[in-house]
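Chains as they are written, first to last, in my numbering: chain A, 1 to 318; chain B, 1 to 149.
Hints in this document: simulated from the structure, not taken from any laboratory. Check each hint, because a few of them may be wrong.
Claimed, not checked - Among chain A residues calculated to face chain B with C-beta under 10 Å, some are:
#: 1; residue: 34
#: 2; residue: 52
#: 3; residue: 152
#: 4; residue: 155
#: 5; residue: 241
#: 6; residue: 255
#: 7; residue: 311
#: 8; residue: 313
Glycine residues also receive a C-beta, built at the ideal position from the N, C-alpha and C atoms.
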Amino acid sequence: MPTTREIKRRINSVKNINQVTRALEAVSASSVRKAQNAVLASRPYAQHAYDVLVNIAAQTTGIPLHPLLEVREEVNTVGVLLITGDRGLAGAYNSNIVRRAIRFVEQYERPVHWVTVGRKGRDLIRRWIAQVKADEHAPAVLKDQQIVAEFSYLPADPDVADVAQIVQILFDEFLNVPVDEVFIAYTHFINTMTQQPRVLPLLPLRPFEARSGAISELVEPDPQVKQRNRDYIYEPDAYAILNEVIPRFTELQILQAIRESLSSEHSARMVAMRNASESAETLGEALQIEFNKARQLAITSEILDIIGGVEALNQDGA
Amino acid sequence: MPIEVEVVSRVRQLYHTESADIVIIPGSEGELGVLPNHTPLLTTLAFGELRIVEGEDVVSFVVYGGVVDVRPHKVVVLADDAESVYELDMDQIQAARDRARQLMEEGVGGEQRAQIVQELRRAEIAAKIRSRIGERPGQRIRSLEEDNG
Chain A
1 MPTTREIKRR
11 INSVKNINQV
21 TRALEAVSAS
31 SVRKAQNAVL
41 ASRPYAQHAY
51 DVLVNIAAQT
61 TGIPLHPLLE
71 VREEVNTVGV
81 LLITGDRGLA
91 GAYNSNIVRR
101 AIRFVEQYER
111 PVHWVTVGRK
121 GRDLIRRWIA
131 QVKADEHAPA
141 VLKDQQIVAE
151 FSYLPADPDV
161 ADVAQIVQIL
171 FDEFLNVPVD
181 EVFIAYTHFI
191 NTMTQQPRVL
201 PLLPLRPFEA
211 RSGAISELVE
221 PDPQVKQRNR
231 DYIYEPDAYA
241 ILNEVIPRFT
251 ELQILQAIRE
261 SLSSEHSARM
271 VAMRNASESA
281 ETLGEALQIE
291 FNKARQLAIT
301 SEILDIIGGV
311 EALNQDGA
Chain B
1 MPIEVEVVSR
11 VRQLYHTESA
21 DIVIIPGSEG
31 ELGVLPNHTP
41 LLTTLAFGEL
51 RIVEGEDVVS
61 FVVYGGVVDV
71 RPHKVVVLAD
81 DAESVYELDM
91 DQIQAARDRA
101 RQLMEEGVGG
111 EQRAQIVQEL
121 RRAEIAAKIR
131 SRIGERPGQR
141 IRSLEEDNG
């Protein structure tokens, strides 16, 4: 039986943990709201930019007007942009999206260039790559992969300027280096209890397959828009306009995915912390009962001692 | 029939109206005034002042590049970045200018330099527009608070 002092110490530490988890829960709850508001604020631009994009793309048949629209016949190497958190204590959030991305890579069977956002993703993927390379039985194609860039500790409330570098690297990979397709792996926010890890195609941009692409996160694909395109005048020319719209639009897509992931991360953390708080409370109650028992036991044994002493004195006196 | 105008930047929607008479747009190929029934047009934006004339009122924005989609009764301005002229703060602009000038004199290279040049250009244009607005006679300039209230 532990002493009352030992139990008291454990009760205190459980209480401390409870306070920390409650604080984390509250912080996450407010961050979810902030991230969701930011998602909504970018919607109008995204929707209009998409309209413009489809409008121009609909006019051209055959040759794509912009290199980022070019669908390559043969896909040799793929790029994967993996979005995770920098910190743990978010339940299964990080491992879920990483597992989803790995499964995708295993099924797609192409050499991979990874770009990771978030410290957790970088570490997990690095470990996985090392593991695959050490494994004799792993398929050869899986050994041909590397992390080409990593970004960690983005600001809590990222904006377009913060993703500019990420976008630049993806464009470089796609336009200059032999990456033929780029996918984005992120966690879609459904609600506080549910988040869904997803892997969606990002580049080349396929304006007319919006429903299956990462675009769907951002816009309502409008089937009417194809017919709406009339005899537009382009100034200076269609390429210049696409060159303005496509990078911005891609930037927003990535930013949006990061914001969705942030919302998901914060909700996952909120739920994990709530569970932790509840467990801490249960544990605290159990410990309190144990403490009471130990205290009572101590008192009882003290009384027994005293009574024993009194008895002994009485017998001596008799 | 009036024109519907929407001004959006990548981070927010700045303005929406359904009763514009003329929209004056800083296009990359020159300033253009859009009246109702304009032919459909897509053009890139320069850095400059966007003016929306609604009856007696002129609503004015500074836009820093982007694209504009003109349709017969609707104009959508997709700005890379934009702010209402009423948000422009002369002191801040001056500070940004001084900072950029100083950095240029100290001499920084490469990408950073391009960024500074860009910032300086922004500040110069914002300053020019702000001072022009101040001088414009006889026009009632609406404040954003009025719109929101």
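Please check whether residue 152 of chain A passes as an interface residue: C-beta within 10 Å of a C-beta belonging to chain B. 21 Å, violated
May I ask you to test the interface hint for residue 52 of chain A with respect to chain B, counting a Cβ-Cβ separation under 10 Å as satisfied? Holds: closest Cβ of chain B sits about 6 Å from residue 52 of chain A, inside 10 Å.
When the nearest CB of chain B is found for residue 241 of chain A, is that gap smaller than 10 Å? OK, holds: residue 241 of chain A within 10 Å of chain B, min 5 Å.
Hint check: 10 Å Cβ-Cβ cutoff, residue 255 of chain A to chain B: Since the shortest Cβ distance to chain B is 8 Å, the answer is holds.
Can the hint on residue 311 of chain A be confirmed by a CB-to-CB distance to chain B that is less than 10 Å? 84 Å, violated
Can we keep the residue 34 of chain A interface hint, with Cβ of chain B closer than 10 Å? 13 Å, violated
Go through the hint on residue 155 of chain A and say holds or violated, using the shortest Cβ distance to chain B against 10 Å. 14 Å, violated
Go through the hint on residue 313 of chain A and say holds or violated, using the shortest Cβ distance to chain B against 10 Å. 86 Å, violated
This entry does not satisfy hints 1, 3, 4, 7, 8, going by the numbered hints stated previously.
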